[in-house]
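Chemist: Please model the complete structure; the sequences and the hints are all you need to start from.
Here is what each chain is made of, one letter per residue.
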Amino acid sequence: MAAEVNEINLGRTFTAGIWEQNPVFRLLLGMCPTLAVTAAVKPALTMSLCVTFVLLCSNISVSLMRNLLKPHLRILMFTLMIATFVTIADLFLKAYAPDMSRALGPYVALIIVNCIIIGRAEACASKNNLIVSITDALGMSVGFTFALCVLSSVRELLGAGTIFGYPVLSNGWFTPWLSISLPGGAFLTLGLLLGLINVITKRNK
Amino acid sequence: MRSIKHFIEQSWLLITAAFLCGLLLALTNAALEPRIQRIEIGEMYDKMKSLMPQADKFEKVIPQAEIAGNPTDVYEAIDKNKQVLGFSFVGTGYGFADQIKLVIAVNADASKLLGFDVLYSNETPGFGSRMTENWFRQQFVDAPTGTLELIKSGQADKEKDQILALSGATVTSTAVVNIFNNHIGALKKLLKEKGLIQ
Chain Z
186 MAAEVNEINL GRTFTAGIWE QNPVFRLLLG MCPTLAVTAA VKPALTMSLC
236 VTFVLLCSNI SVSLMRNLLK PHLRILMFTL MIATFVTIAD LFLKAYAPDM
286 SRALGPYVAL IIVNCIIIGR AEACASKNNL IVSITDALGM SVGFTFALCV
336 LSSVRELLGA GTIFGYPVLS NGWFTPWLSI SLPGGAFLTL GLLLGLINVI
386 TKRNK
Chain X
1049 MRSIKHFIEQ SWLLITAAFL CGLLLALTNA ALEPRIQRIE IGEMYDKMKS
1099 LMPQADKFEK VIPQAEIAGN PTDVYEAIDK NKQVLGFSFV GTGYGFADQI
1149 KLVIAVNADA SKLLGFDVLY SNETPGFGSR MTENWFRQQF VDAPTGTLEL
1199 IKSGQADKEK DQILALSGAT VTSTAVVNIF NNHIGALKKL LKEKGLIQ
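Protein sequence lines, in the order shown, are assigned to chains Z and X. For the first sequence, this note's numbering assigns the number 186 to the initial residue and increments by one for each residue that follows. For the second sequence, this note's numbering assigns the number 1049 to the initial residue and increments by one for each residue that follows.
Be careful, since some hints might not be right.
[Said to hold, decoys possible] Reference listing, derived: stretches of chain X covered by chain Z, where coverage requires no fewer than 3 residues with Cβ under 8 Å from a Cβ of chain Z: (1) 1054 to 1063; (2) 1069 to 1078; (3) 1082 to 1093; (4) 1172 to 1181.
[Claimed, not checked] What follows is a list of derived Cβ distance ranges for each label pair: (5) Z:PHE349 / X:ILE1089: 25 to 33 Å; (6) X:GLU1088 / Z:LEU379: 35 to 43 Å; (7) Z:CYS300 / X:LEU1068: 18 to 26 Å; (8) Z:GLY369 / X:GLY1233: 34 to 42 Å; (9) X:ARG1050 / Z:LEU212: 55 to 63 Å; (10) Z:VAL298 / X:LEU1068: 17 to 25 Å; (11) Z:ASN252 / X:GLU1181: 56 to 64 Å; (12) Z:PHE372 / X:GLU1181: 25 to 33 Å; (13) Z:LEU379 / X:GLU1114: 23 to 31 Å.
No lab work stands behind these hints: they were computed from the structure. Glycine is no exception: its CB is placed at the ideal position from the N, C-alpha and C atoms.
Modeler: So, in structure tokens, the structure goes:
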């Protein structure tokens, strides 16, 4: 019986991150990378991968030491660990994907202040066991990746007429809508997508 | 005595974690640093080679030079007949959003530019990022190494050191021209001091 309850919780924890509590579309967290790196799909996917790595590592380590954490020092501990994992991810990108590292610029280092990661450490990993924390990190990461992919596909398609760098809309009749690739276009696309998600959620209620 | 005990009780986890994280970072850095450096040097060589295709090898003639306040190595390009083709270095300046780093090449007596290539930039896509376009870069090839002048419209006259700006990206165009104007004079002086040009 206990195992069954646990199983249901795990499934819910995982799917919550993808839709009900999608970090970007529902909780509006991690807006900095969401707006900054979604001009094309490739950098958006790389950013999602980095966030997944950091979120997973941070949730695992916070969950493992949750009983040792002193309440007034916990934020310091979270930041220390998150900063370490982000720096590792940044070094790996520089060594194995230098083009992507250049394209993402300072935004990889800025994962340190991404609210999704510290938020999950505080709300989930510091209170739950390892399995729940890992499931939560995976769910949130899939949700974040999904949001970034949707946003970057729309922006790359309209802003450059390409997807993954391959021309899709460039056979003469389509003029790339450059402003969608610019920061203003990020706000516009995100706003419209949020509106759409709100409509879908209301209808489903 | 009690306060020390209290301090250790409260902070032992943080101190241990700080040491462990530091160790982890040091190990990762030690493992990846050579690879990262190789990539950066390789990229610099590729750009120099594209600016001086006849070059057979590049020799670091002035390591860690300071040109216009920016540290860079100065390389000498040598062809198969051991003739000096020119010199190359990295020029740095500020663009619209971030630093711009250019690999710049001049000919053997530093009288003409051989062009530039972008080593690092973070300019606005579709506007400042067009500084990598061929027509813009070609304007610098064979231009005299005097002070360059940026013009915003019309036909640029290379003999008069004129460079036509990228439309909609005046800040980036000015930054590129300023990098040349700030560095080339200082480079010539440095090369003369070291006896590499007359």
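Chemist: Taking the earlier hints as the rules, which of them does this structure contradict?
Modeler: Numbers 9, 13, in rising order.
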